[in-house]
Amino acid sequence: MLQNINISSRKRIEFLDITSQVSQVVAKSGIKQGLACLFVPHTTAGITINEAADPSVVKDMITKTNHMVPKDEGYSHMEGNSDAHIKTTLVGPQLNVIIENSELVLGTWQGIYFAEFDGPRNRKLYVKLMQG
Amino acid sequence: MLQNINISSRKRIEFLDITSQVSQVVAKSGIKQGLACLFVPHTTAGITINEAADPSVVKDMITKTNHMVPKDEGYSHMEGNSDAHIKTTLVGPQLNVIIENSELVLGTWQGIYFAEFDGPRNRKLYVKLMQG
Amino acid sequence: MLQNINISSRKRIEFLDITSQVSQVVAKSGIKQGLACLFVPHTTAGITINEAADPSVVKDMITKTNHMVPKDEGYSHMEGNSDAHIKTTLVGPQLNVIIENSELVLGTWQGIYFAEFDGPRNRKLYVKLMQG
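Protein chains in written order, with the working numbering: chain D, 4 to 135; chain B, 4 to 135; chain L, 4 to 135.
Derived by calculation from the structure, the hints in this document are not laboratory data.
Misleading hints may appear alongside valid ones.
Since the list gives no way to pick one copy over another, a pair counts as held whenever it fits inside one copy or between any two copies.
To be verified - Straight-line C-alpha distance at most 30 Å; calculated DSS-like pairs for lysine-lysine:
#, residue 1, residue 2
1, K74, K31
2, K127, K31
3, K35, K62
4, K35, K74
5, K127, K35
6, K127, K74
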């Protein structure tokens with residue numbers, strides 16, 4: 004059961020809350036328990052889980068990420084997006100979420116974020132469900 | 004087989020070696036081979052695997068993490084723990100460990116750490132075992 | 004089905020493209036769909052997925068990682084490789100890749116990198132295949 008979620012980012016760097024899209028994939032699959040493996044097939048976008056209640060958390064994360072890995076810093080790669088590749092490796096391209104009683108098991112404040120680092124672009128997320 | 008491990012941190016930032024607790028969950032489950040999916044259901048704590056022999060490794064990791072992402076740096080989020088959210092995304096909230104012969108497969112020097120970034124608190128770790 | 008890939012690094016810090024080795028393990032296994040859990044059993048090396056086409060991407064990643072976490076910075080750990088432990092936790096020791104139609108499912112530009120942070124050394128990567 005490999006499925007795609009389509010994502011459209013609107014800014015260069017943007018954390019998009021995709022919790023409801025992932026939940027829908029799980030709900031439609033009929034899977035009762037197991038894992039949802041979330042995989043980003045791009046090299047300038049990652050995936051993370053963090054607070055989904057207060058948008059200032061994500062705002063600070065973007066500001067700090069840019070501070071740590073600035074867009075321009077004498078990089079070798081000529082496409083002007085070396086920072087996005089580095090941010091992707093720091094945040095990571097893959098996460099598993101547990102499924103129990105046909106639902107994602109997330110903490111109270113957690114949401115799943117697609118972390119766009121070189122948008123705006125049309126992106127995909129692969130979702131592979133493992134029963135067990 | 005979704006199970007909880009209860010964790011109590013005593014400092015604001017602390018790497019707690021939880022290898023033996025995770026091993027016990029695996030041993031009690033009777034699972035012979037597969038994966039242990041370790042998932043932190045909080046937004047200011049993560050999970051990592053690193054050296055468990057010399058405590059100075061973890062000490063350096065905490066010092067450096069604080070240096071890279073200081074507690075106070077003009078963040079927007081008003082709860083005073085933006086640094087903890089950012090550290091959580093950098094370290095990550097989820098890892099899989101392989102199970103073989105009813106045991107966790109870890110390297111000689113590896114231990115599993117619960118990375119507390121906004122303690123002291125009572126925390127949980129979810130452990131989902133997948134047979135296969 | 005737990006298998007080893009042997010890796011020999013030649014520099015202290017080096018990102019080795021191991022995509023073809025992992026693909027061979029999957030091909031030989033006969034597994035048609037599921038997950039490949041890639042696990043680094045070392046504490047000074049990690050695993051990541053990033054662009055495999057232009058080598059300047061990896062070059063920038065190494066330069067920037069060294070800039071963020073320098074080799075010498077008054078660390079407590081006396082073995083002189085504290086930076087390597089910290090980099091390992093930031094990059095991460097474990098990733099899953101989806102298997103579909105007996106092949107790894109990767110994006111067009113993606114390659115799997117073994118991230119050596121304290122070489123040159125002989126290293127191992129564990130590959131655990133989960134069918135489903």
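Cross-check of the supplied hints:
1. K74 x K31: Neither: 40 Å inside a copy, 42 Å across copies.
2. K127 x K31: both (18 Å within a copy, 29 Å between copies)
3. K35 x K62: neither (35 Å within a copy, 41 Å between copies)
4. K35 x K74: Intra 43 Å, inter 41 Å, cutoff 30 Å: neither.
5. K127 x K35: both (24 Å within a copy, 22 Å between copies)
6. K127 x K74: Within one copy only: 23 Å inside a chain, 34 Å across chains, cut-off 30 Å.
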